[in-house]
Amino acid sequence: MLEMERVNTSYGTVPMLREVSLRVGEGEMVCLLGPNGAGKSTTFNAICGLLRAESGQVRIAGRDVRDCGTEALASLGVGFVPEGRRLFPTLTVRENLRLAFDAARAPALEFAAQIEKMAQLFPRIRERLDQRSGTMSGGEQAMVALARALIGEPRLVVMDEPSLGLSPKLIDEYFQIVARIRDQGKAVLLIEQNAETALSIAERGYLLVRGRIALQGASADLLRDDTIRHMYL
Amino acid sequence: MANHELSLAQPRPATGPDLAIVAGVQLGGAALLGAFLLGEKTAVVVALLAVMGAIFALLQLRPGLEERIVSAFRAQRRPALALGVGIVLAYPFFMQGSSYALHLLVIALLYSVLALALNFQLGSANIPNFATGASYGIGAYTSALLALNFGVSFWLTLPVAAVVATIFGFLLGFPSMRTRESYLALVTIAFGIVVHQLLNNFSWTGGPNGLVGIPAPTIFGHSFAQPIEVLGFRLPSQANFYYLSAALVALSILSAKRLHDSRVGLAWNALRADPLAARCQGIDVVWYKMLAFGVDAFLAAFAGTIYAFYVSYISPDNFTFLVSVTIMTMVIVGGMDNTLGVILGAFLLTLLPEKLRIFADYRLLFVGVIVILFLILRPQGLFPQRPRHYGGPQ
Chain A
0 MLEMERVNTS YGTVPMLREV SLRVGEGEMV CLLGPNGAGK STTFNAICGL
50 LRAESGQVRI AGRDVRDCGT EALASLGVGF VPEGRRLFPT LTVRENLRLA
100 FDAARAPALE FAAQIEKMAQ LFPRIRERLD QRSGTMSGGE QAMVALARAL
150 IGEPRLVVMD EPSLGLSPKL IDEYFQIVAR IRDQGKAVLL IEQNAETALS
200 IAERGYLLVR GRIALQGASA DLLRDDTIRH MYL
Chain B
0 MANHELSLAQ PRPATGPDLA IVAGVQLGGA ALLGAFLLGE KTAVVVALLA
50 VMGAIFALLQ LRPGLEERIV SAFRAQRRPA LALGVGIVLA YPFFMQGSSY
100 ALHLLVIALL YSVLALALNF QLGSANIPNF ATGASYGIGA YTSALLALNF
150 GVSFWLTLPV AAVVATIFGF LLGFPSMRTR ESYLALVTIA FGIVVHQLLN
200 NFSWTGGPNG LVGIPAPTIF GHSFAQPIEV LGFRLPSQAN FYYLSAALVA
250 LSILSAKRLH DSRVGLAWNA LRADPLAARC QGIDVVWYKM LAFGVDAFLA
300 AFAGTIYAFY VSYISPDNFT FLVSVTIMTM VIVGGMDNTL GVILGAFLLT
350 LLPEKLRIFA DYRLLFVGVI VILFLILRPQ GLFPQRPRHY GGPQ
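Read top to bottom, the protein sequences are chains A and B.
So that you can map any letter, position 100 of the first sequence is 99 in numbering that gives the first Met the number 0, and since no number is skipped, the others follow by simple counting.
So that you can map any letter, position 187 of the second sequence is 186 in numbering that gives the first Met the number 0, and since no number is skipped, the others follow by simple counting.
Please keep in mind that the hints were generated in silico from the structure rather than gathered at the bench.
This one's a predicted model, so the numbers in the text were calculated from it and none came from an experiment.
Mixed in with the good hints, there may be bad ones.
Stated by the list, open to error - Computed footprint of chain A on chain B, listed as stretches where at least three residues anywhere in the stretch have a Cβ under 8 Å from a Cβ of chain A:
1. 260-266
2. 270-281
Claimed, not checked - Which chain B residues stay away from chain A? Per the calculated CB distances, all over 12 Å, these:
3. 29
4. 250
5. 253
To be verified - Coverage of chain A stretches by chain B, computed from C-beta distances (three or more under 8 Å per stretch; other residues unrestricted):
6. 59-73
7. 79-92
8. 99-106
Yeah, the Cβ is synthetic: ideal placement off N, Cα and C, and Gly gets one too.
Let the hints inform the model, and build the full structure from the sequences given.
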């Protein structure tokens, strides 16, 4: 579903990602871990085409991201949860969802039915559909951001630090929902600092350190790995 | 917002009071405007301004009152619309044959169109375009040149001028895409100045002397230069253009409403809030910004064409940077992304300087003070943006 092949990027003359390669297969849940400043968000930007790779390739559903552009990714079946949610605060929850629904260009889906589905997945947002998203609490906004990524029934969901700023109790609730998405057979790339939680629901993981993939493997192996234990657990 | 939804959910009182509120607000507004237009003594004008100020102070202090009025209008949409159309149609008959009052109305209506045009950009998408005055000028000059040189009829120049201005709008949009915010504003200011300078220096545009003798339009043999005579009433010739401009305002309101309630309006609001996130939601930011430039220029050119044929004489000085600034002030004072507010802003800022001629030397100062007062007291404008009904239950 998603392939990054030897991607290099830099901000001006400062190199950020160096030879980063990663893969998320159809229906697979993969996490990308790393400390602050390792290049996690840069990876996210490279995947959604907001940042151009200097060399290497990012392919989503077989298409080169550079060729099709950020705007077209939603219609290729990708849902994004950007860092800090980035909802449109002056628009209502329903409008936020509507934009994402339209962007998916899925004629087989019906908006009302999808809204109902999201309301079942996130009971907290049901009564708040006509509230401006900027007036909601952080936890509710996180749920709306996830619903926005899911409403067009994507095949791949890419999340950048979705649990940032959530209370421990909410984090549990949030990742239970993420696990349910995984069980529905969607491919997920979860970019996270919270290694233990991420590895507990992902099948595989990558560890990004100073712009390079330092480690990769099955979640169970990574959980036992000394580097990760030392860095996080 | 929450308050507003609650008030909608509560059981509604009988329709009687709703109708009375709608009629009261519309007739009261029309009467106030009429008194203002016909008032000749400065003291009367100032007193009327005080009344207006008091009304808005009341609305500011009692938000519930505003919600009550809004919900009344919502419940009685059709009667409100019918009464509104009736008032607009009958209005010239109450102007006591004053061609000056009608002239002010025409100008205010044309500025309403311009402010609505800019509102698509500034209000919906937060693109600070200081070139609406230039598009207005391009429209006016295109149609005037066509009419003077080739004898093209007014009705044909209307769409042609709009298309030409739209092309220029896209041309302006193109370099603007590489810039944002203050820099974007600078690009549009430069565009406006370039247009003004070119109009001033080309010989085929008449240079600083402009174009003279633009023929009045005719419809079914009736020339717009002649007074209207109906049922024994005799309306000054300005009434022709009053009805024409009012029709254009209606068209603008309709397109504003359609766009606001569509995916386009939503996409504009989204890219105003967060351009990067908007791209991730499949919104082609470049296309939607260009579209905003195009729509602005299109409507502005309509207004420009009507203006040119109305005054029958145009010069570059009608379309200066100051015109663009005035239009922008109307949008800010009226309320970004609120159709009614923007129209009210346009009326206020067209009529006030005319009526306060006595302070002519201080007119700019006066406008400046108004803007500053608004930014302090009511930063969202007279009427703030309303929630829309796209994709939700109607």
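Quick rundown of the hints versus the structure:
Counting residues of the region 260-266 of chain B whose C-beta lies closer than 8 Å to any C-beta of chain A gives 3; at least three are required, and the coverage claim holds. With a cut-off of 8 Å between beta carbons, the region 270-281 of chain B has 10 residues touching chain A; three or more are needed, and the interface restraint holds. Even its closest Cβ contact with chain A, about 33 Å, leaves residue 29/B beyond 12 Å, as expected for a residue assigned away from the interface. No beta-carbon of chain A comes within 12 Å of the beta-carbon of residue 250/B; the shortest separation is about 26 Å.
Its beta-carbon lying about 22 Å from the closest one in chain A, residue 253/B satisfies the requirement of being farther than 12 Å from that chain. For the region 59-73 of chain A, the stated coverage by chain B is satisfied: 5 residues place a CB nearer than 8 Å to a CB of that chain, which reaches the threshold of 3. With a threshold of 8 Å between beta carbons, the proposed coverage of the region 79-92 of chain A by chain B holds, since 9 of its residues qualify and at least three are required. Counting residues of the region 99-106 of chain A whose C-beta lies closer than 8 Å to any C-beta of chain B gives 6; at least three are required, and the coverage claim holds.
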